[in-house]
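Turn these sequences into a full structure, and let the hints guide you.
As you go down the protein sequences, you meet chains Z and X in turn. Note that the first sequence covers residues 1 to 530 in my numbering. Note that the second sequence covers residues 1001 to 1530 in my numbering.
Hints in this document: simulated from the structure, not taken from any laboratory. Only a predicted model underlies this, so the values are computations on that prediction, with no experimental measurement involved. Hints are not guaranteed to be accurate.
Claimed, not checked - Okay, the calculated beta carbon distance ranges per label pair: (1) Arg1029(X) to Ile513(Z): 26 to 32 Å; (2) Glu82(Z) to Ala1248(X): 44 to 50 Å; (3) Lys1223(X) to Gln430(Z): 54 to 60 Å; (4) Glu1504(X) to Tyr31(Z): 19 to 25 Å; (5) Asp1380(X) to Ile513(Z): 32 to 38 Å; (6) Gln1430(X) to Ser101(Z): 35 to 41 Å; (7) Asn1012(X) to Gln430(Z): 38 to 44 Å; (8) Ile32(Z) to Asp1251(X): 39 to 45 Å; (9) Glu1503(X) to Arg410(Z): 25 to 31 Å.
Built from N, CA and C at the ideal position, the CB exists for glycine as well.
There are 2 protein chains.
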Amino acid sequence: MLLTGKNIIDNNFSSLGEETFRAYDPQTREYITPEYFEATTEEINKALGKASEDFEYFAGTSHFQRAELLESIADEIQKLGEILIERAMQETALSENRLQSEKSRTIKQLKLFATVLYETTWLDIRIDANDEGLDIISRKDIRQLHIPIGPVAVFTSGNFPLAFSVAGGDVASALAAGCPIIVKAHPSHPGTSELLAKAVLNALNKCNLPSGIFSMLHGASHKVGQELVKHPLLKAAAFTGSFAGGKALFDLAMQRKEPIPFYAEMGSINPVFFLPGAIHKNQDKIATDYVASFNLSVGQFCTNPGISFLFDNDDAISFINKICSQTQAAPSGAMLSTQIENHLKQQLEKVEKVTSCVLLAQGDAPDNYIAPALYKINADEFLNNELFHEEFFGPVSFLVMLSNEEELFRCINALKGQLTAAIQMEEEDQPLAKTVIEKLKFKVGRLIINNFPTGVEVCHAMHHGGPFPASTNPLFTSVGSASIKRFLRPLCYQNFPQALLPEELQNDNSHHIWRLVNGNFTQKSIKNEF
Amino acid sequence: MLLTGKNIIDNNFSSLGEETFRAYDPQTREYITPEYFEATTEEINKALGKASEDFEYFAGTSHFQRAELLESIADEIQKLGEILIERAMQETALSENRLQSEKSRTIKQLKLFATVLYETTWLDIRIDANDEGLDIISRKDIRQLHIPIGPVAVFTSGNFPLAFSVAGGDVASALAAGCPIIVKAHPSHPGTSELLAKAVLNALNKCNLPSGIFSMLHGASHKVGQELVKHPLLKAAAFTGSFAGGKALFDLAMQRKEPIPFYAEMGSINPVFFLPGAIHKNQDKIATDYVASFNLSVGQFCTNPGISFLFDNDDAISFINKICSQTQAAPSGAMLSTQIENHLKQQLEKVEKVTSCVLLAQGDAPDNYIAPALYKINADEFLNNELFHEEFFGPVSFLVMLSNEEELFRCINALKGQLTAAIQMEEEDQPLAKTVIEKLKFKVGRLIINNFPTGVEVCHAMHHGGPFPASTNPLFTSVGSASIKRFLRPLCYQNFPQALLPEELQNDNSHHIWRLVNGNFTQKSIKNEF
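Structure below.
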């Protein structure tokens, strides 16, 4: 499959601009063909214009049509075969195994949203029918469901070239909701993005859906993303990436004449708490899993356990020995991009200047690879130095040594908002664990016991988000079926004749969908005999 | 009951500041005692500090305890008796009937949230248990519910001194969620606010709940509200009022180091569409209801039908005659404040300069009262003059005359985001109504047929909100049981032993609460036999 390097707008390949860039192979340190064309203002306008034009049609498609589209995209990605994995490996230096499993996850996500569309709990149907004679009742006939919000921009992530990319979770959830998409492709893997975009286009064409529903724009500079977020026809945006990037775009979205929801997932330091009983009883497995977790895919996960807390006692000595030797033996790797590598190196230079911070262990790494590194600090350093509250995006973790529980609680209070927090515990740790959980729950989106945070399950109950700065809106998840809620808004129908109501709100409920009727969940029809 | 004029913080009456202001009687045009003390920075810090201190405790109370609190507040308001209505009449010039019905609504709202707490659908419980053997399943045990977001500021409205005030819908929903409240009392009815705050305090004390859960701050200047929104311990805010006020505070909330959700409901022009069949068959009733709706409580509703659309045909002539005579006969009244009155007068001065705008009818009004007014413009004027897209907060409505359906559709496309749109129709209008509905649904939060928009039912299915500028977040309602969602966020538990899970997430479900288990709604327990 030939890569064109062009933007995809309205089913056409478009290259109106003069600025171009190329992808970069982090392993060979060479640029890769073809040239990719930065989208121009004219192209951005066209993509938004078409998305807006086709929105009403797409919003009116049945849930079955949208489910078919998602399944068709999954099929087309499957059909791409090895070329997708090869190009992604070249552009990201991620391993074949990792990318194969990411591809499976991408397909699973698309299919999950198809099943979500076949049922309808996400519509959050509420009916206060004035004929049911219940206690809390409206004097008028009021019915509500959710409708798509409008054209959505998706800023794809650098570290998940498939699962948080052109056909990733944000796109799947927004398409499921009925929103046209404008993808801003990540400049570090434009070829992978083009392959995926063609799969989406093929699916759209097979499903006879209008071409304005999906566009993909390229841009290595910030300009394309900024113009996209400021465009008056855009109604919401989703972003996965760094705090600096997410916050800058969030600010632009809020400063618009019409502010729009901007859902940014910006990573965090994901604290891990090693409770004494666990370190006493189970330190071998914990040491292995911890070091594996912070080194997975060269540590390039937003859920990377970047900081951990350990009580300074006899068990700690042998545990530290174990995590040190595991770290020394852990594999090194090339990072996703030189930009990411340079940022990490700058952070580590600052770390070296902190006198109380000790490098406990470091792995080996050939040229161009980054070695795993484990550092030790004390609680005071964590409490007083902003540096250790920053995300280190890479195979690095800091161990904070604690003298007592009071220090632990002070450290928890000092935490910023986090995606996750994990507790390693045994039965005898329960009293302390309970206190720790009560304090942590107001700081994080996901609490974990005896797992590590990497590996975000795609399911109904997952929450991938958390209080700022982990995300810009702690009420919403970017992973799992609940992520569709980001792109839907309530619409209320008052005093409508049956014939003008959407099918899901009519008295007859022959599809047996779940509805909150006068405050009670039911799959029954509403009696129509008054 | 003696009014103190003081701020209420931590169960104490506090007056540290030197700035004071008094309420104003819009009927007599005189200031009313006592002096009210503007909250100082120290007082704001104290209120937030206490709220933050008591948050963990309040979040941990049972739903039954919170339901009891809401019911107790309702009882205490009931007990206030006539003094509440008398003071509110004096401060707002609203009629006794209107205020009595608003009091009932306030009590109904509190009790609605108590019933919401007795069931638990608002927790949005999701469980992906790895022992259920279903198809889309998590490899890990993942469970989710919603928790309170933290201390919430409530900016009360000027036009609803009871129902959107100190113990109104925002406060009821945030307390139900488990969030401590800091109320910024509206400076036009501080006495009414103090009476209500005492009712809340009494209820808190009777329920043995800590005093940091509720504070009320006074301020006639913008300073108190601004400091409140910028305070780092605040986690969310709700506002009902003008676009200028809401948008200014929204901007501050977004510019914080940690941006927080700011839910502002800012009113709109609530278009009404008179379809030909309805005007042919039912013009008497429609004329009466329309004029009554835009004049209700001197037109001071965010759902006031400020603009209406009518096809220029033979039926229109008699209809216009009817609405003119109704308008002339409609009662006048004193407005809530001189500020509101002056703003309306300034807008009407601008209207008088628009040459194509015709004053169709005006009622009589004694000194200090505002007379109902009905104006006529053509579609071009509506399409090209920003003035007619502004909310006129008062007894004023504009009739837009349409030559044809194409003009109607252009006018719909030109509408900004609205709280509501209403259609007056008969059976024969259905084809046109269908098209109008399809276009309107992307512009509004609530669609209404053959009712007028004033009168927002407090129920489960109500959506009171809409696309910007009607509100700052179209995903949430400020009226009805769904408004609790604004103050809750998801929290996910991964791989937790049963003993450490919140009761609602444990396998055993002996309270039969609704849960989404592996994607299916059920009230059953989870089998625990693997």
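Hint check, failures only:
Violated: hints 1, 2, 3, 4, 5, 6.
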